[in-house]
Amino acid sequence: MGAPILAQATQIDTGDTAWMLTATALVLMMTPALGLFYAGLVRAKNALNTFMMSVSAIAIAGLMWALIGYSLAFDGTGDLIGGLNYVGLHDVTFAPRDGTTIPHLVFFAFQATFCIITVALISGAVVERMRFGPWMIFAALWSVLVYSVLAHWGFGGGWLQEGGTLDFAGGIAVEMASGFSAVAAAIVVGARKDYGRIGLLPHNSVLVLLGAGLLWFGWFGFNGGSGFGTGDPSVLAFTNTLLCPAASLFTWMMLDLIRDRKVTAVGAATAIIAGCVLITPAGGFISPGWALVLGVLGAVPVYYVIAYRPRTRVDETLDVLAAHGTAGFLGILFIGFVAQQSWNGLSDGWFYGHIGQLGDQALAALVTPLYAFGMTFLLLKAIGAVMPLRGPEPDESLGMDAIYHGEEAYPSGEGAILVSPEAGEEEPVPVAQP
Amino acid sequence: MGAPILAQATQIDTGDTAWMLTATALVLMMTPALGLFYAGLVRAKNALNTFMMSVSAIAIAGLMWALIGYSLAFDGTGDLIGGLNYVGLHDVTFAPRDGTTIPHLVFFAFQATFCIITVALISGAVVERMRFGPWMIFAALWSVLVYSVLAHWGFGGGWLQEGGTLDFAGGIAVEMASGFSAVAAAIVVGARKDYGRIGLLPHNSVLVLLGAGLLWFGWFGFNGGSGFGTGDPSVLAFTNTLLCPAASLFTWMMLDLIRDRKVTAVGAATAIIAGCVLITPAGGFISPGWALVLGVLGAVPVYYVIAYRPRTRVDETLDVLAAHGTAGFLGILFIGFVAQQSWNGLSDGWFYGHIGQLGDQALAALVTPLYAFGMTFLLLKAIGAVMPLRGPEPDESLGMDAIYHGEEAYPSGEGAILVSPEAGEEEPVPVAQP
Amino acid sequence: MGAPILAQATQIDTGDTAWMLTATALVLMMTPALGLFYAGLVRAKNALNTFMMSVSAIAIAGLMWALIGYSLAFDGTGDLIGGLNYVGLHDVTFAPRDGTTIPHLVFFAFQATFCIITVALISGAVVERMRFGPWMIFAALWSVLVYSVLAHWGFGGGWLQEGGTLDFAGGIAVEMASGFSAVAAAIVVGARKDYGRIGLLPHNSVLVLLGAGLLWFGWFGFNGGSGFGTGDPSVLAFTNTLLCPAASLFTWMMLDLIRDRKVTAVGAATAIIAGCVLITPAGGFISPGWALVLGVLGAVPVYYVIAYRPRTRVDETLDVLAAHGTAGFLGILFIGFVAQQSWNGLSDGWFYGHIGQLGDQALAALVTPLYAFGMTFLLLKAIGAVMPLRGPEPDESLGMDAIYHGEEAYPSGEGAILVSPEAGEEEPVPVAQP
Amino acid sequence: MKLVIGIVRPERANDVLEALYRAEVRGISMSRVQGHGGELDRVETYRGSTVKVEVTDKVRFEIGVSDDFVQPTVDAICDGARTGEVGDGKIFVVPVERVVRIRTGETDEAAVTPVGS
Amino acid sequence: MKLVIGIVRPERANDVLEALYRAEVRGISMSRVQGHGGELDRVETYRGSTVKVEVTDKVRFEIGVSDDFVQPTVDAICDGARTGEVGDGKIFVVPVERVVRIRTGETDEAAVTPVGS
Amino acid sequence: MKLVIGIVRPERANDVLEALYRAEVRGISMSRVQGHGGELDRVETYRGSTVKVEVTDKVRFEIGVSDDFVQPTVDAICDGARTGEVGDGKIFVVPVERVVRIRTGETDEAAVTPVGS
Ligand SMILES: Nc1ncnc2c1ncn2[C@@H]1O[C@H](COP(=O)(O)OP(=O)(O)O)[C@@H](O)[C@H]1O
Ligand SMILES: Nc1ncnc2c1ncn2[C@@H]1O[C@H](COP(=O)(O)OP(=O)(O)O)[C@@H](O)[C@H]1O
Ligand SMILES: Nc1ncnc2c1ncn2[C@@H]1O[C@H](COP(=O)(O)OP(=O)(O)O)[C@@H](O)[C@H]1O
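Chains as they are written, first to last, in my numbering: chain A, 1 to 434; chain B, 1001 to 1434; chain C, 2001 to 2434; chain D, 3001 to 3117; chain E, 4001 to 4117; chain F, 5001 to 5117.
Quick caveat, the hints were computed from the structure, so don't treat them as lab data.
Quick caveat, the model's predicted, so the values are computed rather than measured.
From the three backbone atoms N, C-alpha and C, an ideal C-beta is built for every residue, glycine too.
A hint or two may mislead.
Only pairs whose alpha carbons sit at most 27 Å apart, straight line, appear in this in silico DSSO-like list of lysine-lysine [stated by the list, open to error]: (1) 1381(B) / 1193(B); (2) 1193(B) / 4052(E); (3) 381(A) / 193(A); (4) 5052(F) / 193(A).
For each label pair, taking beta carbons as the anchor points, the in silico distance ranges come out as [unchecked claim]: (5) 3040(D) / 2387(C): 48 to 54 Å; (6) 374(A) / 2341(C): 28 to 34 Å; (7) 4021(E) / 3021(D): 35 to 41 Å.
Work the whole structure out from these sequences, hints included.
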């Protein structure tokens, strides 16, 4: 990602490798944490389905990444797309990844975790009604058609990066990509049947807070690892990942207080995510002071997007657009204003005399949403043409868990009659079928 | 936000930095983990409020620390208080923090997480009844008036440290400070209305065990990182953080068995915390063997303080005094007996011929409780003079979550009528107001 | 607690040490995560007891390891058992562990976490009915009589390792040992009274998914740390720990779909564990490509063992045999086929011309189950001869939490009358006794 | 005085509440129940064990009303709860001999007249 | 028409369901309750505070039946729920004045006759 | 024989239990319910959606007693549950035609006489 190319590319540093192993594990952990965060935000009857949309992304996006996605994103510096040299992990070995001091295998694994969580993020837009089968197919295709492409553009050596756009840890391929894809997904899949008619409340906000806490924890690896070592960019991004979310959390609590004298817990959890997203693209490029400012100011638009969205007919259920799309957009632009070469060693922003940087940032902030929204829209339309994206209405009343997973999150056991395993092999009775 | 001093990369060790980045992330994670631990220990209707007291500390104490607290604690070696050179993160850059091999930014971030969790710890004394507004104000002021001062005394170069008191990872500023402040807070805020009248039970002990597990996990960064690298002190403290809590957990289970032949889960969770606290001050100073002894012996007084406290009229709800104040006190003193220069390279304790060390430890064990209790008492009295610290009794029946956060942790959805967003802007109805 | 041998700091690598500290903390965290995973899989009335079986293992196995187990496993290269030089942590100091670049203390701590979780794993076979007292005694004895012995054989310099058997991170001492011991334990302790009569369902599958996610997170330390640094073996094992579970998760979801068009969440959680176990022995020895194959193929037998087991009379409740025994067995054998010297620098498997390796692996896969099953069977029979392993039937209806821990996981508070602390000292009433 | 017990679909519970509100029925208690009726069973699998689940979630209303309020209450529940699909639920009307308002000790009619009306 | 209310042990709930099934009782609602009866109390301790727990978990069945189904229903519950130990529970039979099937508006006998029969 | 149904505040549930104990009422079943009555609504906000919550948590007692125990039982509930604030709850007394003690099959009076007394 945005880290400057280092000399002596052939030497592996044990300290850098140690940190990157940790960072990779942290980011992998973020996907179950996201599943938990999302699961807490939906109704109990859909908790497992929501969690499983994230969990399944680990398998599906993970495998697609290893087989083809990584190569398309990170092989060579083609303008629009990478090469095929790394297909099936070919040539991904112990030797250092060019421009880093860590083994190529570690670089690959670190990048894999990014692809995985980005796919998982989108699920927030379609929970509580999308069928699980189409979701899995969508996840597989999206990870290549959208993620790999944008990852190549943003930090795989593609045209945006070459053109000078700065994106430290994924404002383009992760945050804006998931956020604007989420809107397209919500539109194509459509709203839940009771959306806007009755209150559809989070069934467990304690899990939401825990999930947010674990996500923040993981984000230190996400941003702090995007310098691919322990050098200045990583250190700066790491520290900013503490400061910016703290600031956005503070702002959010104040906005809540102003609205109706109540500081909401779900809001606080959202603010933490928003703060982490805001600093994701900018982490290694702006000073700690500006990171605080970004947290304080950036939380405001996100807050109002979240407050406004439910008044629309777009049931973008868990507000991926607000928390990731909007915040990622703001973070990318903010770099253009306040980047400091004295901190990042690369480039200044407008406030420090280099207005061109703002142009480079604006370009990415314009192109990415268009590509993500468009491709996702077409992709889901295509899948929808082959198979229904959602089930019949009564299924929604019963809940996704029972219908698509044959489970309940919290079974009481009463009324559940054990079927002799042999009988277990029988066809399930009609109502139970997806 | 000026340019940083040029980084003297030669002084920075990538391995030490790698570990300190990890340690910092681990300690930041401890605060949500603490929120979870505390939330499980209260009734369901107060779960979010309890969790939010910890979460809000991240924002409030975190910002206060960056703006002023860090400078007061760690700038220079004034006897009573540090300087103002680091105010607003001025001069906190990539250059190594003096006396360490890690960037100053990382040192700052690591210390920030300590300030944050210390503030959060105190909330255990006032959960289930204190109003959220005064809590936030208290958190902001306490983090500077008490934490920064004691941090300076204990390991910022202040008079206790200069005088020879040994405190590896915060027996003074973190454990004793929070524990004795908790008593003052419980006294000033007063007991819950049903305290001593009906049983007020933890609503989810599974979360309590999970929280304790995550706290232990984080504590490896807390103690293991307090050597600011991967050197002998860190390694010793890290290993002792495995041994001492294991020993105190064992003792606690035995004491439970003796009491009434039952090993309680909440007790086990408490024992883990107690063990981590016991070793916090001593981690890098005593041998692994003595760490085991500390765990075995130290758990006993803590156990009986917890058993006795509810018989008093002081509703120090989640026993911060016992788990942190008492255990921290014991840990600080224990150093005076069994510190070994052969292990810590610094000083021996009484058993190894240097009785003076015990004096230095006793001094800290005497002064810290007095300062923490006194300042907290005055601070809360002052805040209480300006605004009520708690709401009317019926609010307590309804629960803090509904009153101060406008949420429930586990809403069923039935009986919750969706208000058209416009209407959402209306004033909430009377009963709902804080 | 004498003075340590002088540290030969020159041989210690800060990067390797940094990673091993992280890895150790990660593996310690796995035991509470396992407790959570297991607790979610049982009924609510046994959730705390199940969790506590894992938590208690930290104290019991942890202390046994420090006092005697570590020495028996890792002191010297005796064929069958190690020496006593390290008893009570004697000679375990800052000096590097022979053959590594990390302090001996860290090596000890890392190994301790392995012993702990292995003991905890077995509890899955006997949850919901075994008395807690005998469990604690079993844990203490098993950790020495079975774990230490097999750890010595497998990677402590014992006859299997010397004979050429490859086991990277514990296919022998951890996975097969716990899996086959679990069967013996289930047989000796016997089935739950309602087993096979009514459905005994997981009470909280969200916790199961979270537990699995945290376990995977920890497993990066478990496998990635088993190279004792940041070198090629660690890097390979780390990356394979991402790929193999992703592949097995994918396979499992497909098998579920084939069975009855439903992808179960509990199944997905199980698949993650199975994938981590499959790669545990093989992690540092096989190529990433083969790791994917192992994940895809290895999941199949595990899937069918889990589907078949409940049709037997053996109430091996949480299927430790399937997830750990079977998967560990397959992983150990797989090495014999596809190990590649070009990746592991040590030895080739059959497919690469060295069929002898398969023999060495088969030997371990034969001997370990026999020893683990036999010793566990005898051990529990012996304990059972001294004290009853389970309580009277009505206790099982009431639940282990109330009987052996005097707590409920989710108390409502209604109907719980506060007893004046004095009265609290009274003998509990009959029904409440273990 | 009668006690009207209505068992309805969870997702209709709020509609029932609103219907009752319009019918000026003020005092209501509700709780979650699990129901078995004409609905089809479903099969669930947890690892190796397969179970047939014969119950579905429902919400139970319990409403004490004076006799002339029985019909409006029953109608309100039906209005709010009916979907026409199997599983809509049942209403039972049970005689009540006495009603007491705990706060005041008032009994019968008085006890079910909401405060302020 | 009667409403049969049965309070039984949780672990017997499925046996009761099966017994009711055999007795051809089709419409059933059940819920978790906590009961206090002849069972012995237990003592629980949470950190420093000790409580005496006077209740145990039970499952409450609520079944609306036509008069001639009362006896079979009561018998079925007893069959399924009886262990002979203190704590087996109680059955209450309450008169019902009216039953309505929400889906169709049918009342009384018709309302409790399951679909298709 | 009567069934006394009492709906009270959760925080008073234990006081009610003790009052019933003193009144020598031994058999009791209780459960959580959500109640709507004269209490004021509250507003809750979850991200962008605001809801008006019209129910508050209550505890429902269900007590089968012989006729001459009705008055003591009602009094006990009132004693334990009354705070004088709106929201204290209601008591309903419903006729019971039959009571069965599952363990023994005893019916009516005998069935509600606690073991040992
Ligand atoms: N006789 C009954 N007694 C108690 N509850 C009943 C009875 N019949 C139905 N119910 C409740 O009503 C719900 C729906 O009833 P069902 O017969 O399936 O629908 P419908 O009335 O549309 O045929 C059931 O799940 C159960 O909770
Ligand atoms: N009079 C009653 N009213 C309501 N519920 C009762 C009554 N008596 C018993 N119960 C319920 O039945 C359960 C078992 O009753 P108990 O008297 O202990 O058993 P047994 O009927 O075998 O003597 C109690 O826990 C309670 O839930
Ligand atoms: N007519 C009724 N039917 C059923 N439950 C009722 C009825 N009236 C009140 N309740 C229950 O009693 C609780 C308190 O009633 P409310 O009228 O608010 O208090 P008060 O009786 O003091 O005026 C309500 O929340 C509800 O659970």
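Okay, the hints, checked on the actual structure:
1. The straight-line distance between the Cα atoms of residue 1381(B) and residue 1193(B) is roughly 20 Å, inside the 27 Å bound, and the hint therefore holds.
2. With a C-alpha separation of about 20 Å, the suggested pairing of residue 1193(B) with residue 4052(E) holds against the 27 Å cut-off.
3. A distance of roughly 20 Å separates the Cα atoms of residue 381(A) and residue 193(A); the hinted pair therefore holds under the 27 Å criterion.
4. At most 27 Å may separate the alpha-carbon atoms for a hinted pair to count; residue 5052(F) and residue 193(A) meet this at roughly 20 Å.
5. Checking the proposed 48 to 54 Å range against residue 3040(D) and residue 2387(C) shows it holds: the Cβ atoms sit about 49 Å from each other.
6. As the Cβ distance of residue 374(A) to residue 2341(C) is approximately 49 Å, the hint placing it in 28 to 34 Å is violated.
7. At roughly 38 Å, the beta-carbon separation of residue 4021(E) and residue 3021(D) lies within the given 35 to 41 Å, and the hint holds.
When each numbered hint is compared with the structure, a violation occurs for hint 6 only.
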